[in-house]
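Dock chains P, F and V against the given chain C, drawing on the hints supplied.
4 protein chains.
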Amino acid sequence: MAQDQMAVLKSRLRQFAAVRDWEQFHTPKNLAMALVAEAGELAAHFQWLDAAQSTALPPQKRDAVGQEMADVLIYLVRLADKLDVDLWQAAAAKMQLNETRYPADRVRGSAAKYDEY
Amino acid sequence: MAQDQMAVLKSRLRQFAAVRDWEQFHTPKNLAMALVAEAGELAAHFQWLDAAQSTALPPQKRDAVGQEMADVLIYLVRLADKLDVDLWQAAAAKMQLNETRYPADRVRGSAAKYDEY
Amino acid sequence: MAQDQMAVLKSRLRQFAAVRDWEQFHTPKNLAMALVAEAGELAAHFQWLDAAQSTALPPQKRDAVGQEMADVLIYLVRLADKLDVDLWQAAAAKMQLNETRYPADRVRGSAAKYDEY
Amino acid sequence: MAQDQMAVLKSRLRQFAAVRDWEQFHTPKNLAMALVAEAGELAAHFQWLDAAQSTALPPQKRDAVGQEMADVLIYLVRLADKLDVDLWQAAAAKMQLNETRYPADRVRGSAAKYDEY
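Chains as they are written, first to last, in my numbering: chain C, 1 to 117; chain P, 1 to 117; chain F, 1 to 117; chain V, 1 to 117.
Just so you know, the hints here were simulated from the structure itself, not pulled from any lab data. This structure is a prediction, so every number in the text was calculated from the model and none was measured. Among the hints, erroneous ones may be present.
Identical copies look the same in the list; a pair holds intra-copy or inter-copy alike.
[Said to hold, decoys possible] Derived pair list, reagent style EDC-like, types lysine to aspartate or glutamate, alpha-carbon separation capped at 16 Å: (1) K10 / E99; (2) K61 / D84; (3) K94 / D63; (4) K94 / E68; (5) K61 / D50; (6) K82 / D63; (7) K82 / E23.
Looking at chain C on its own, in the form it has when it is part of the complex (with noise of 0.2 Å):
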């Protein structure tokens, strides 16, 4: 039976702020402020590679890379308990929209998309 993964990671993260005494500290504008910091330090790992070096990163800086993204992942969650957000539910709506907004038959292989131009 699958672990409700998300819930664990929710209570574990209540847990954590709260016997430091740090939900003080956790108000949605400065978890949302932190989650852009990581998502920085995300996208630093990967400033100067190329398409191909991104995608055959070498052990060591694919760890790194994966703690970053479970520091995404921790302040998204964090947030979305404060918010009481459903991030499964959200991201279901988002696709649903997304499938909608670009239908396969028309956006085939261009990347012209998400851009308006």
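For chains P, F and V alone, coordinates are given in the frame of chain C:
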């Protein structure tokens, strides 16, 4: 039984990219760039709010924030798929590190934690 | 006589990249990615601070923040050079737009300005 | 005689905020958050482009990119004003550091420079 929602989303994203022939754009480099851009959009919603306002978003704003969070999750899950990173495992490892690095009795109530100065 | 500091920095950056044979890494895409990563580091310095703390940084923190701002400026000037963008002209055009878009008597004291809801 | 464009922009931004009573929103924390959000919008323009495409933007896209760069500069100059940071001096100090840290004969042609591993 809890469904494995991460696996469901991962699979939906694979399908979404495949039928549009967008795999070619989904290099880890590009996905990391898209992720930080979405994180920036998320941050933008909070930039002029004070702490109190950010904890009491009007429903319409909260929904808009939830959509940006969905975008972050979508790119994070896609990137994890591409790099074969287990996000739950990475987050658990990071939390274990954090729990060791910030002993509750030493950092309680202090924001000087993540900072070096 | 005021020296053209922007031109001085632009020239120094060209020289810096040329002697290291780093022009190959300085594609606009890579520079934009480096810029957002540095902006994320800048944001990180403020993530746990409240508004009042952010206006009264201790000297060491202020210096660290200044260094991150320098990094942002460096990548911004490098990118402008690569794309042949006149930053002062672009900023003046944007300010003219902002001045029209947000008439003082309609938006005075309201943060709902940049926001859509 | 070169005009001091930085001073001109700084002054225009002060005026812009003052007549709208927006100084109250322009805390360093908020400005740093706005800056990273704009940097994210800048990055978004490049996320699906390959290196070659990013060096040959169509005019309309280049203008849109220039506008995002203007936004970054605007928040950077505003933040520097608030923190009393001399951006040219900070950038010069950072370049001096970079020139020492990355001796041309040791890093020539290598992207492993900024990276630690």
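Right, here's what the structure says about each hint:
no.	hint	in the structure
1	K10 / E99	between (29 Å within a copy, 15 Å between copies)
2	K61 / D84	between (34 Å within a copy, 13 Å between copies)
3	K94 / D63	between (29 Å within a copy, 11 Å between copies)
4	K94 / E68	between (24 Å within a copy, 9 Å between copies)
5	K61 / D50	within (14 Å within a copy, 22 Å between copies)
6	K82 / D63	between (29 Å within a copy, 14 Å between copies)
7	K82 / E23	within (10 Å within a copy, 29 Å between copies)
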